[in-house]
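S.K.: Residue-level listing of the chains:
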Amino acid sequence: MIVSLMIVSLLPFFLFLGLYLKSFLLLHDYHLGNLLFSKEWKPGIGKFGFYPFIVGSIWVTLLAMLISAPICLLSAIHVTQFTKKHVLRIMHPAIDILAGIPSVVYGLWGILVIVPFISRYLGPFFGVQTMGYSILAAAFVLAIMIIPFILNILIEIFRTIPIALKESSLALGATEWQTVKHVLVKKALPGIIAAFGFGLARAFGETMAVLMVVGNVVKLPHSVFDPGYTLPALIANNYGEMLSIPKYDSALMFAALVLLGVSLFFNLIMHFFIIRFNKY
Amino acid sequence: MKPGRKIEEKIFRGLMIFSTYFILAILAIIIYTIFHKGMKSLTWAMLTQIPKGGYYYGKEGGILNAILGSLYLAIGATCLAFLIGLPVALYMNVFLVRHKKVVAFIRFLLDLVWGIPSIVYGAFGFSMMIFFGLQTSLLAGILTVTMFIIPIMIRSMDEILRTVPTGLMEASYSLGSNKSETAFRIFTRQASSGIITAILLSFGRAIGDAASVLFTAGYTDNLPNSLLEPVATLPLSIFFQLSSPVPAVQDRAYASALVLTVIILVVSLFSRGLGKRYHNTKINF
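Protein chains in written order, with our numbering: chain D, 1 to 280; chain G, 1001 to 1285.
Calculated directly from the structure, the hints in this document are not laboratory data. For each residue, glycine too, the CB sits at the ideal point set by N, CA and C. Hints should not be assumed to be uniformly reliable.
To be verified - Examples of chain G residues lying across from chain D (beta carbon under 8 Å, computed):
#1 Ile1007
#2 Ile1026
#3 Ile1030
#4 Ile1034
#5 Lys1040
#6 Trp1044
#7 Leu1047
#8 Leu1090
#9 Ser1118
#10 Ile1152
#11 Val1246
#12 Val1249
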């Protein structure tokens, strides 16, 4: 038992150490700021600029959150406050299934539905020529993928708020929406932020679905209809050739290290928000 | 009440209802698309044959290699994760029950690990493989996926085990059983429904994840024969067939996606059904 516990507890440290040692080669030769903010990605001649990938990742993630967050919040409030029990009984399996669908299937669905939709309708509507494989497509698919994740946490959070709080607000003459706006959301705010933060971290690391619809072009995107490239997609796309070019594997491990760092950082901060929510 | 407020109330109530049905509609569209596209090209031969020569250019064959490979990989990883995970979850809830802070810290650590993207595990697994001089193989795949699902397994079992009432533990002690007996005989039985749910949840994760096996399990057209050979997996098979320029092969990708989705749905249904069934063996206080 103790041995198993030790193995499991040390896992994150091993992950960090392993990836750090691997990317040490790259960190030794290049300046950290240079790696993160240089725009040139030419592994063949030893130029490793991660800036396009980082920017691509941030665009896709933020856009996905922008689509997903309001939908999740409104739906969580609706399901927990305004409906009868049976709606929740339908929503729970629906969330389970959405959460269970593998990312490859989401990616495939994105190619079948979202990409044509953007290239045929949304692009022309805004007067843009686009292939459909774009930042926006990735954000759409990603937004749907993180819905079950965020919604689950939000529903749990809204359920823990005592019903007396809502009732006293209603008794004082507030309308239901006023109650939601001024009482429930204010009370649940740390929890809501935490839910969005977990979703953000999850979206940042998502690989296959994004890889399949984002277009994979190493370029700084200028609009949401441009194709882009994300950090996880970079790692997944280049595993085959990374041993043939010097320092390439080290660069990819560095990308993984950045992902690990971002994910740990976000989860760490959001845990403090959850703790604050529970304290109230 | 000012009229503006009434309109605001109406708008937001409408938006809430819209969001809820939007989510349900998206789910329906996804399921419909996968079934509609997949059913067309799903044949018996696809499920029972391995890819023959020129399969990826539209020739004969099937995806049996990927189906079996995925099952082996997911079952292996789930078993391994269970063997490591169950003792940890029990230890946290029986032995460390007096040390609330330690348990809270372990939970926190596990939650952190849960949030790490699977591609990071893939990259880590790959660097370990090179370090130990291993080839891409079923074994490496199983080990990587195990790392990836262990936090999921432990945390889901832990959530159930912590609901086991203290009275039950005290009753067991008073009858003279020691801590291990209490953990493995009493706690596991009381939480059996939750443990099964945890196993099936982890299994679903293990079979659906592509990013962690991309580097470590490799890909092959043959059936897996030993732990040290590379193995094909369903998600990767979908991915590769989809990137083929031949429309017939892309159709097969849709069919493969249908197979994978059906497996996931069945597992999800099973976990609900079994969870309910084993509920009856529970002692109620």
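S.K.: Now, for every hint given, state plainly whether the structure supports it.
M.R.: Each hint, compared with the structure:
no. : hint    : in the structure
1   : Ile1007 : violated, 10 Å
2   : Ile1026 : holds, 6 Å
3   : Ile1030 : holds, 5 Å
4   : Ile1034 : holds, 6 Å
5   : Lys1040 : violated, 13 Å
6   : Trp1044 : violated, 22 Å
7   : Leu1047 : violated, 18 Å
8   : Leu1090 : holds, 7 Å
9   : Ser1118 : holds, 7 Å
10  : Ile1152 : violated, 11 Å
11  : Val1246 : violated, 15 Å
12  : Val1249 : violated, 13 Å
In the structure shown, a violation is registered for the earlier hints numbered 1, 5, 6, 7, 10, 11 and 12, in ascending order.
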